[in-house]
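Chemist: As given, the protein sequences belong to chains A and B, one line each in that order. In terms of my numbering, the first sequence is residues 358 to 466. In terms of my numbering, the second sequence is residues 19 to 132.
Simulated from the structure, these hints should not be mistaken for laboratory data. Glycine is no exception: its CB is placed at the ideal position from the N, C-alpha and C atoms. Incorrect hints may appear among the rest.
[Stated by the list, open to error] For lysine-lysine, the following PhoX-like pairs were computed, each having C-alpha atoms within a straight-line distance of at most 25 Å:
| id | chain 1 | residue 1 | chain 2 | residue 2 |
| --- | --- | --- | --- | --- |
| 1 | B | Lys27 | A | Lys399 |
| 2 | B | Lys59 | A | Lys402 |
| 3 | A | Lys399 | B | Lys62 |
| 4 | B | Lys59 | A | Lys359 |
[Unchecked claim] Here are some chain A residues pointing at chain B (derived, C-beta under 8 Å):
| id | residue |
| --- | --- |
| 5 | Leu403 |
| 6 | Gly451 |
| 7 | Asn452 |
| 8 | Thr458 |
Letter by letter, the chains look like this.
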Amino acid sequence: RKEVEQDPGPFNVPEGATVAFNCTYSNSASQSFFWYRQDCRKEPKLLMSVYSSGNEDGRFTAQLNRASQYISLLIRDSKLSDSATYLCVVNNGGNQFYFGTGTSLTVIP
Amino acid sequence: DTAVSQTPKYLVTQMGNDKSIKCEQNLGHDTMYWYKQDSKKFLKIMFSYNNKELIINETVPNRFSPKSPDKAHLNLHINSLELGDSAVYFCASSQLGITNEKLFFGSGTQLSVL
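Given the sequences, and given the hints that come with them, work out the whole structure.
Modeler: Next up, the structure:
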């Protein structure tokens, strides 16, 4: 079983839509959780960390459900510039980072 | 200033050649990594070094040899390149021992083996 699993999509949504991505992880002892964004032919960049109580950064909301071992990312009022691949990342402690395969989002005018 | 920098950005070479990719970070981090992203876009850890010591060595052919002269540098040398080595290679760094430590990536090296 993979450490981190994501629906690869693609998700094609109109501008202004709300879209949600989920990600599940297999290790119940996982310690830290993140969403990274990767644009085509670029490096992954940290979008936001995911905290136990949930957290929000502008139009982006991240949630963590430890009991069910899943992480979610909600994007409200989608912009064209949100088009990218969103990577779910889990840290099992120390330097063990595990990546999902990424979910592709295209926001359509 | 670029936090994690790797060179070259593009590398085109013939099968059987030997090549190196260099990586440097100026974040003062203790840990550095090499990741490989293949055509299916999956990011897979290859190596991790902590303070110049090898910590993670995933199932990678021994044609790949990382070298860390100091904790700010982690280079990747590849011998006898094969077609299947074509991918994007990302260097990254993080700081162990802090809460919610994050990975910072270099801009990637696109390797094409012909």
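Chemist: Run the distance test for Lys59 (chain B) versus Lys402 (chain A): straight-line Cα separation, threshold 25 Å.
Modeler: holds (15 Å)
Chemist: Just to be careful: measuring from the Cβ of Asn452 (chain A) to every Cβ in chain B, is the smallest value less than 8 Å?
Modeler: Check passed: Cβ of Asn452 (chain A) comes within 5 Å of chain B, closer than 8 Å.
Chemist: Checking one constraint from the list: CA of Lys27 (chain B) to CA of Lys399 (chain A), max 25 Å. Satisfied?
Modeler: holds (11 Å)
Chemist: If you draw a straight line from the CA of Lys399 (chain A) to the CA of Lys62 (chain B), is it 25 Å or shorter?
Modeler: holds (16 Å)
Chemist: Does Thr458 (chain A) hold up as a contact with chain B if the rule is Cβ-Cβ below 8 Å?
Modeler: Holds: closest Cβ of chain B sits about 5 Å from Thr458 (chain A), inside 8 Å.
Chemist: Just to be careful: measuring from the Cβ of Leu403 (chain A) to every Cβ in chain B, is the smallest value less than 8 Å?
Modeler: holds (5 Å)
Chemist: Is it true that the CA of Lys59 (chain B) sits at most 25 Å from the CA of Lys359 (chain A)?
Modeler: holds (15 Å)
Chemist: Does Gly451 (chain A) pass the interface hint, meaning its C-beta sits closer than 8 Å to a C-beta of chain B?
Modeler: holds (6 Å)
The structure is consistent with each of the numbered hints, conforming to all of them.
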